[in-house]
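Residue numbering for the sequence shown follows my numbering, beginning at 91 and increasing consecutively.
Hints are supplied without guarantee of correctness; some may be wrong.
Derived Cβ-Cβ restraints for the label pairs, each shown as a range [stated by the list, open to error]: (1) Val145 with Tyr190: 18 to 28 Å; (2) Ala117 with Pro150: 40 to 50 Å; (3) Gly119 with Glu146: 18 to 28 Å; (4) Asn120 with Glu208: 15 to 25 Å; (5) Leu183 with Glu146: 16 to 26 Å; (6) Ile116 with Leu167: 22 to 32 Å.
Keep in mind that the hints were calculated from the coordinates and are not lab data.
Don't be surprised by glycine CBs; every beta carbon is placed ideally from N, CA and C.
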Amino acid sequence: MIETLAAKDYYVATFLLLGIGTYVMIAAGNLVKKVIGMNIFQTGIFLFFIASAYVEGGTPPILTVEGPHVSPVPHVLILTAIVVGVALTAVALGMIVRIYAEYGTLNEDTLQEVRHSE
Numbered sequence: 091m092i093e094t095l096a097a098k099d100y101y102v103a104t105f106l107l108l109g110i111g112t113y114v115m116i117a118a119g120n121l122v123k124k125v126i127g128m129n130i131f132q133t134g135i136f137l138f139f140i141a142s143a144y145v146e147g148g149t150p151p152i153l154t155v156e157g158p159h160v161s162p163v164p165h166v167l168i169l170t171a172i173v174v175g176v177a178l179t180a181v182a183l184g185m186i187v188r189i190y191a192e193y194g195t196l197n198e199d200t201l202q203e204v205r206h207s208e
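Can you build the whole structure from these sequences, using the hints too?
Following this line, the structure appears as structure tokens:
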């Protein structure tokens, strides 16, 4: 099993990115760090989809060519997900700027204290 995982380094990298992203989103108290963790997690998901779409000896899906064909659908989905991820990051950072302007802090614990005191 270890030889199989070593041969497929992209799966190890995928789960490493997913783990790091999850840890940062849960452990970080700063909202900007949480957005960075979300982006790391998204990158792990992108890598997983692209790596799972790999076909050994695959060719473009042209019907005149023989052999196994590579499906373009995962690549198109990932391109769409990247665009959505960039938009989500922009909205999150815009909200963070607004939160900082309103409360003067980005620390999650401090924000909860301020919200409870209102």
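Can you give the numbers of the hints that this structure goes against, from lowest to highest? 1, 3, 5
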